[in-house]
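Asker: Chain order of the listed sequences is V and A.
1 is the number of the first residue of the first sequence in our numbering; add one for each residue after it.
1001 is the number of the first residue of the second sequence in our numbering; add one for each residue after it.
In case anyone wonders, no lab produced these hints; they're calculated from the structure.
Just so you know, even glycine gets a beta-carbon here, dropped at the ideal spot from N, CA and C.
One thing to keep in mind: the hints can contain errors.
PhoX-like cross-link-like pairs, simulated, lysine-lysine; straight-line CA separation at most 20 Å [said to hold, decoys possible]:
| id | chain 1 | residue 1 | chain 2 | residue 2 |
| --- | --- | --- | --- | --- |
| 1 | A | K1132 | V | K18 |
| 2 | V | K132 | V | K77 |
| 3 | V | K12 | A | K1077 |
| 4 | V | K24 | A | K1114 |
| 5 | A | K1077 | A | K1114 |
| 6 | A | K1077 | V | K114 |
| 7 | V | K18 | A | K1012 |
| 8 | V | K116 | V | K37 |
| 9 | V | K12 | A | K1012 |
| 10 | V | K37 | V | K18 |
| 11 | V | K24 | A | K1018 |
| 12 | V | K129 | A | K1065 |
| 13 | V | K58 | V | K29 |
| 14 | A | K1065 | A | K1114 |
| 15 | V | K132 | V | K24 |
| 16 | A | K1116 | A | K1132 |
Far from chain A, by Cβ distances over 10 Å, these chain V residues were calculated [to be verified]:
| id | residue |
| --- | --- |
| 17 | V7 |
| 18 | L10 |
| 19 | P64 |
| 20 | E78 |
| 21 | T87 |
| 22 | P88 |
| 23 | E89 |
| 24 | I90 |
| 25 | E105 |
| 26 | F110 |
| 27 | G123 |
| 28 | G143 |
| 29 | I147 |
| 30 | E149 |
| 31 | N163 |
2 protein chains.
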Amino acid sequence: MTLEERVEALEKELQEMKDIEAIKELKGKYFRCLDGKMWDELETTLSPNIVTSYSNGKLVFHSPKEVTDYLKSSMPKEEISMHMGHTPEITIDSETTATGRWYLEDRLIFTDGKYKDVGINGGAFYTDKYEKIDGQWYILETGYVRIYEEHFMRDPKIHITMNMHK
Amino acid sequence: MTLEERVEALEKELQEMKDIEAIKELKGKYFRCLDGKMWDELETTLSPNIVTSYSNGKLVFHSPKEVTDYLKSSMPKEEISMHMGHTPEITIDSETTATGRWYLEDRLIFTDGKYKDVGINGGAFYTDKYEKIDGQWYILETGYVRIYEEHFMRDPKIHITMNMHK
């Protein structure tokens, strides 16, 4: 390869590394906004063309607003949630599309209302599709397959000393 | 340095970044296949020269098949497992060898059989050696030192609503 071609190849590969990092940060922002219940900011992580399937594909949505409205209604302030993403496997499929696998651990705690003291723990394998529009990466598709999910009653004597949603 | 030398240095450094990312993805695939009980796919992450020590080095294996057979037998369908890897420290030792440290959190749930309702939680520091063969990274050595491990009886009233292994 000529020097010119080698520099061009470097530029392309460095762009891919930057895209992988940007996608990891996009997902970090998604989890942070989800558990921080920052719905408007969460919407900015979703592609206008989003197709989302939740709960093993039973629930499907077709716009950022539909997704955030669903999340907002299904994760009210009475519910503390933690979605912890691990060991991503990101593949750049083209200059504007990518695929990502994430190992998810999740934890839900109901602090009030009908489900007070209910706890839910689980794990899942996420598979996402991402799309780059005008230099910015967005979540285009997200869905997961549960490893397991368990529901239980928490000991009421557990004292929640801090809760950002109350 | 000449332009040629500068391009060469860039190529070398970018290759190291790509190798670090590839190793992180390799480990993500290993954990995903382990907990998804996808033994054939797990085998593809292991080097033909693998030397593995589990349980603080007491168990040692010398081929991918030996490792996956052991894992398959010791982690049957009655056992939900979650191995969550955190904060990797990857060092590229040479063009074809690397070392990786991982902070592991693990959770095991026995859903049936002799150990029904047993739970095991723990944490460990993993130290791995990786090997690159024909451009592909593999786990060459993996072993860990336990931070702690705890065994307990889970409340039978905990309701497992989803389990990919059942």
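Asker: Quick one, are V/K24 and A/K1018 close enough, alpha carbons at most 20 Å?
Answerer: 15 Å, holds
Asker: Just to be careful, I want the Cα atoms of V/K58 and V/K29 compared with a cutoff of 20 Å; is the pair within it?
Answerer: Distance of about 25 Å is beyond 20 Å: violated.
Asker: For the pair we were handed, V/K132 and V/K24, check the Cα-Cα distance against 20 Å.
Answerer: OK: V/K132 and V/K24 at ~13 Å, within 20 Å.
Asker: Over 10 Å to the closest beta carbon of chain A is the bar; see if V/V7 clears it.
Answerer: 6 Å, violated
Asker: Mind verifying the non-interface call on V/F110? Its CB should be farther than 10 Å from each CB in chain A.
Answerer: 14 Å, holds
Asker: Are the Cα positions of A/K1065 and A/K1114 separated by 20 Å at most?
Answerer: Between A/K1065 and A/K1114 the Cα gap is close to 26 Å, so the pair fails against 20 Å, i.e. violated.
Asker: Just double-check V/L10 for me: nearest Cβ-Cβ distance to chain A has to come out over 10 Å.
Answerer: Since the minimum Cβ distance to chain A is about 5 Å, V/L10 lies within 10 Å and the statement is violated.
Asker: Does the structure keep A/K1077 and A/K1114 at a Cα separation of 20 Å or less?
Answerer: 13 Å, holds
Asker: Take the C-alpha atoms of V/K129 and A/K1065, compute the straight-line distance between them, and say whether it is at most 20 Å.
Answerer: Given that 20 Å is the threshold and the Cα spacing comes to 33 Å, the pair is violated.
Asker: Given the hint that V/K132 pairs with V/K77, does the C-alpha gap stay at or below 20 Å?
Answerer: 32 Å, violated
Asker: Determine whether the non-interface label on V/E105 survives the test: each CB of chain A must be over 10 Å from its CB.
Answerer: 6 Å, violated
Asker: Is the hinted pair A/K1077 and V/K114 satisfied, with a Cα-Cα distance of at most 20 Å?
Answerer: 34 Å, violated
Comparing the model with each numbered hint stated earlier shows that hints 1, 2, 3, 4, 6, 10, 12, 13, 14, 16, 17, 18, 21, 22, 23, 24, 25, 27, 29 and 30 do not hold.
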